[in-house]
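Asker: The hints should help you fit chain B with the ligands onto chain A, whose structure is shown.
Chains A and B, in that order, give the protein sequences. Numbered according to my numbering, the first sequence spans residues 269 to 592. Numbered according to my numbering, the second sequence spans residues 9 to 677.
One or more hints might be untrue.
[What the hints assert, rightly or not] The calculated lysine-lysine pairs, modelled on DSS-like cross-linking and capped at a C-alpha distance of 27 Å, are:
id	chain 1	residue 1	chain 2	residue 2
1	B	Lys68	A	Lys283
2	B	Lys90	A	Lys387
3	B	Lys353	B	Lys284
[Claimed, not checked] Computed footprint of chain B on chain A, listed as stretches where at least three residues anywhere in the stretch have a Cβ under 8 Å from a Cβ of chain B:
id	segment
4	343–352
5	397–411
By construction, these hints were calculated from the structure, which means they are not laboratory data. Keep in mind that this is a model prediction, so the values were computed, not measured. In this text, a Cβ means the ideal position worked out from N, Cα and C, and glycines have one as well.
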Amino acid sequence: MADTATDKAEQAEDKRLVQTNPDYDPSVIVETQNLSKVYRDFWGRQKVRALKALDLEVRKGEIFGLLGPNGSGKSTTIKLLLGLLFPTSGRALVFGQDASETTKNERIGYLPEESYLYKFLTAEETLDFYGRLFDMPAKLRKERSDMLIEQVGLTRSKRRQLKEYSKGMTRRIGLAQALINDPDLILLDEPTSGLDPMGTREMKDMILDLKAQKKTVIMCSHLLADVQDVCDRIAILHQGDLKELGAVNDLLQVSDETSIRAKGLPQSAQQEIEEVIRKHGGEVLTVENPRTTLEELFLNIVRESEQRPGRRAISEQDAENGEN
Amino acid sequence: MVVNEFPQITEWLFGSANNPSAIYIFFLLILAATLFGLFFGYLVAAFRHGPTEAFYVVAKVVSGAGPDWLKLSPRRTFAIAKLAAKEAIRRRVILIVFAIFALALLFGGWFITGAENPERVYINFVMFGTQMLILMMVMLISAFSLPEDIKNRTIYTITTKPVRASEIVVGRILGFAGLGTGLLILMGIISLLFVWRGLEHRHQIATNENNEYEFVEVDRNETGRRASDDAILETRTTQDSGHTHFVEVLRDVRDKDAPKPVNMDAVIREIPAGDKTIYERLEIESVGGHTHKISVEVDSDGTEDLAELLKKAKFDISSARGFFRARVPQYAEKLVFYDREGNAKSRGISTGDQWAYRGYISGGITLSRAEYYFDGIEEGLFDTSDKLPLELTLGVYRSKTGDIYKQIRVGLQFESVNEGEDATGDRYVSEQLEFESEEFSVQVKAIPRTLPGQKFSASGELLENGNFDLFEDFAKNGRLKLTIRCLDQDQYLGMAKADIYFRATDKPYWWNFFKGYVGIWLQMMIVTCLGVAFSTFLSSPVVMLAVICTIIFGFFSEWLQKLASFTIEGGGPIESFVRLITQENTSRPLPEGIVRNIMTSIDSVFINMVGAVTQVVPDFSRLDFSDFLTYGYFVDNDRLLVAVFISLAFCLGLTILGYFCLKTRELAA
Ligand SMILES: Nc1ncnc2c1ncn2[C@@H]1O[C@H](COP(=O)(O)OP(=O)(O)O)[C@@H](O)[C@H]1O
Ligand SMILES: [Mg+2]
Numbered sequence: 269m270a271d272t273a274t275d276k277a278e279q280a281e282d283k284r285l286v287q288t289n290p291d292y293d294p295s296v297i298v299e300t301q302n303l304s305k306v307y308r309d310f311w312g313r314q315k316v317r318a319l320k321a322l323d324l325e326v327r328k329g330e331i332f333g334l335l336g337p338n339g340s341g342k343s344t345t346i347k348l349l350l351g352l353l354f355p356t357s358g359r360a361l362v363f364g365q366d367a368s369e370t371t372k373n374e375r376i377g378y379l380p381e382e383s384y385l386y387k388f389l390t391a392e393e394t395l396d397f398y399g400r401l402f403d404m405p406a407k408l409r410k411e412r413s414d415m416l417i418e419q420v421g422l423t424r425s426k427r428r429q430l431k432e433y434s435k436g437m438t439r440r441i442g443l444a445q446a447l448i449n450d451p452d453l454i455l456l457d458e459p460t461s462g463l464d465p466m467g468t469r470e471m472k473d474m475i476l477d478l479k480a481q482k483k484t485v486i487m488c489s490h491l492l493a494d495v496q497d498v499c500d501r502i503a504i505l506h507q508g509d510l511k512e513l514g515a516v517n518d519l520l521q522v523s524d525e526t527s528i529r530a531k532g533l534p535q536s537a538q539q540e541i542e543e544v545i546r547k548h549g550g551e552v553l554t555v556e557n558p559r560t561t562l563e564e565l566f567l568n569i570v571r572e573s574e575q576r577p578g579r580r581a582i583s584e585q586d587a588e589n590g591e592n
Numbered sequence: 009m010v011v012n013e014f015p016q017i018t019e020w021l022f023g024s025a026n027n028p029s030a031i032y033i034f035f036l037l038i039l040a041a042t043l044f045g046l047f048f049g050y051l052v053a054a055f056r057h058g059p060t061e062a063f064y065v066v067a068k069v070v071s072g073a074g075p076d077w078l079k080l081s082p083r084r085t086f087a088i089a090k091l092a093a094k095e096a097i098r099r100r101v102i103l104i105v106f107a108i109f110a111l112a113l114l115f116g117g118w119f120i121t122g123a124e125n126p127e128r129v130y131i132n133f134v135m136f137g138t139q140m141l142i143l144m145m146v147m148l149i150s151a152f153s154l155p156e157d158i159k160n161r162t163i164y165t166i167t168t169k170p171v172r173a174s175e176i177v178v179g180r181i182l183g184f185a186g187l188g189t190g191l192l193i194l195m196g197i198i199s200l201l202f203v204w205r206g207l208e209h210r211h212q213i214a215t216n217e218n219n220e221y222e223f224v225e226v227d228r229n230e231t232g233r234r235a236s237d238d239a240i241l242e243t244r245t246t247q248d249s250g251h252t253h254f255v256e257v258l259r260d261v262r263d264k265d266a267p268k269p270v271n272m273d274a275v276i277r278e279i280p281a282g283d284k285t286i287y288e289r290l291e292i293e294s295v296g297g298h299t300h301k302i303s304v305e306v307d308s309d310g311t312e313d314l315a316e317l318l319k320k321a322k323f324d325i326s327s328a329r330g331f332f333r334a335r336v337p338q339y340a341e342k343l344v345f346y347d348r349e350g351n352a353k354s355r356g357i358s359t360g361d362q363w364a365y366r367g368y369i370s371g372g373i374t375l376s377r378a379e380y381y382f383d384g385i386e387e388g389l390f391d392t393s394d395k396l397p398l399e400l401t402l403g404v405y406r407s408k409t410g411d412i413y414k415q416i417r418v419g420l421q422f423e424s425v426n427e428g429e430d431a432t433g434d435r436y437v438s439e440q441l442e443f444e445s446e447e448f449s450v451q452v453k454a455i456p457r458t459l460p461g462q463k464f465s466a467s468g469e470l471l472e473n474g475n476f477d478l479f480e481d482f483a484k485n486g487r488l489k490l491t492i493r494c495l496d497q498d499q500y501l502g503m504a505k506a507d508i509y510f511r512a513t514d515k516p517y518w519w520n521f522f523k524g525y526v527g528i529w530l531q532m533m534i535v536t537c538l539g540v541a542f543s544t545f546l547s548s549p550v551v552m553l554a555v556i557c558t559i560i561f562g563f564f565s566e567w568l569q570k571l572a573s574f575t576i577e578g579g580g581p582i583e584s585f586v587r588l589i590t591q592e593n594t595s596r597p598l599p600e601g602i603v604r605n606i607m608t609s610i611d612s613v614f615i616n617m618v619g620a621v622t623q624v625v626p627d628f629s630r631l632d633f634s635d636f637l638t639y640g641y642f643v644d645n646d647r648l649l650v651a652v653f654i655s656l657a658f659c660l661g662l663t664i665l666g667y668f669c670l671k672t673r674e675l676a677a
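Bound conformation, chain A alone (with noise of 0.2 Å):
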């Protein structure tokens, strides 16, 4: 219900901009044009050139990666797009408007580097007041920190002071409070960071589930796995410089190999399939049985204990190994 209403809101928030803005494009929701940041010290002395010349293209329900080292701009970037920076040159439009207006906060989620929370309030303190930033009434900041918290899996300590959370929960904390006003645009700086593999996995999940609802998310990484796993276009940055720019399935495809994977294959097999290969004029590269990621195996693991909690699994298993 509340998200008819706030698609109506929407539609009638892009009508007016196309009504001023005849160049205005409801489809597209983050652009930016010539986008440059040079971080100067109190003299104006030049510090350092964050980013240069960024041209860029959000458009609505996708989920954008910026990749890059630490240090690339990504966050810049982000934080241009949020108006706590101001651009050196070069604009940045959220939803049409320029980047400077708070108005446009109201359909924005922000996820900051680590999340910058007051230490001394509750989890549900904090969904609270920042409900309130959003001016909701009463009823509502009560629903939806409600759900939020039962959605990152806090409800058993929300009511614990956030300084006593780990880096891990401080993190769900965090992304909850970025989505308490059902925002159309979420931004995710660093979403992984400090996250145990578990933890990435169900932030992965969460992310995967707001493209699901039509959300359009803007995230940055350094780590790849992430991007790969939950981004449909992305662009990497490096030195505040744009390399790439591009859908991930395009970019990581590697056209001229072919790769077979089959069960239950005898090894008599296998030097007839590297025969009819030779044959087409193909080269074998490698013949190998697949192992499963470590991040997989991990996982595993983690998931079998869960099921059958305490020490015994690992005996179990010792046993099982000296059986056999």
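Answerer: Just chain B with the ligands, lined up with the frame of chain A:
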């Protein structure tokens, strides 16, 4: 207490001949600040974005200000206020401040001693303490809040919500002001209890070695004390709270149908004697501003001798009265001095002290006198309608050595003032009332309502000799002239405008106490706004420094304004410094020449700068009513209103300053 010249609220707001209108100054300052802000903002923007782009940047900031204030959301603002208060409480500043206050009260009480007006010391102590602690507290919590939020980057999660800069600034101010108000109320109530407990005491009638009450003949030759004229016996109370009171037995003779004495419980015997009634009654002499109520019970078993009778009497002396006063002085509108030749002067005769607050008149058969012109003298102001209390504090300067215990005689004369429309009215002149001055203490003279005098027509011809009414005849139009003369040859009497006034009916003490704390509250509001406004662009230590400087400037702003208008003897800072080194007298002009010219011109630049600063720094002395409470004077409404307006103007200006600074600040840089 020195009462400074004080204009009426309407005069202050809308201006008069010698005072420019405060509203005018306010708008002038706003205009200047706006122009300066625009210019400065443009410069910064031009530096960042180039001269043409800068124009748009400035225009955008200015045009954004409208919606930011008009669409301010109460829910958001209060959420921020609540959080700011919560955060401040967590910092424990309040706890520490309160602990200091409690300790000060616990141990401060030990050091307050002395019989002479202890209530002044008590009230001054608690008010000064409260003021300092409250101002320090709001300064600390407001100086740390925003800079900490920016440093911890918690501000990121605030400004990325639809929160306006106006809401952040106003929310913070409200949060801190709320906390400060709560603490101030608490401290005010505790202070009042502390003062009341500290002053509360009772006495007994003292007894002699044989454990008997002993009333003795009044010794009129004893120095340092003057017994009442109709006192016949006297004794003392026990020593409590560091003082004793004299208790006198008065022989009060009244007409049979005249009103009875007010306190009939203190009457020992009521003896009818023809068409008179003699009341033998007790009276406690007041000490250091307070007195007690006494009541007596006697067994009339036929004992004739009064002293014997009193030996067996039962006395009851009530708790202290008169500490908690809110006197309402009716000051003169104008004071004119006349020298020996009868020439009008705005200041009195100089007795050598340049800085004297009082002007002097000379005694003997000269024309030297001082005239006080009162206005608005009405019967409704006084509850004791047959007597008008006139309070005088007179200074004495003796040019002739002699008996220094002998007091100087003073003459008072009342006269009607007929000017303008009333010029054709009859004129009344009273006979001179004479009394001895008590040096440097407040003397209360009960002026009888009907005074003997003469009635003249407008043309100056004597119409009638007789008794005339102070309200209905002398001050028919509300105006009254009081002429004061010194009657002893070669002696001088000193006085200032605030030294002589009619004391109207007292106002309730709690109301005055409340007003005094409103003064502290207003100062607190300004300091909160200063702290929040400065913290939008400065780091916490710098904010504290800036706020402290402003407060110091604010408390001395009257002195600085004087400096700026060049009325201080000895010139500006450089000239004074030279005088200090050369040990030159401050009133003698320095030798002419280029050095002096350079010196005075540097000084005048400096002084003009100081003058400009004093205009934009709040005058804290105008918001400080602790002297009124200390000395037991009522804070008049005009004064309070002016203080409210001053504070409002500053808070408004500072809030807007804070808003623009926060709005244009790049928070993540
Ligand atoms: N507030 C700042 N002041 C000066 N330099 C900064 C500031 N923030 C970031 N930088 C610099 O800008 C560059 C880009 O930083 P950032 O956008 O945070 O990188 P990342 O891609 O890791 O998020 C880095 O070289 C960093 O040192
Ligand atoms: Mg970063």
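Asker: Are the hints correct? Go through all of them and say.
Answerer: Do the hints match the structure? See the list:
1. Lys68/B / Lys283/A: Roughly 23 Å separates the two Cα atoms, so the pair holds.
2. Lys90/B / Lys387/A: The hint holds at about 15 Å.
3. Lys353/B / Lys284/B: It is violated: about 50 Å lies between the C-alpha atoms, which goes past 27 Å.
4. 343–352: holds (count 4)
5. 397–411: holds (count 6)
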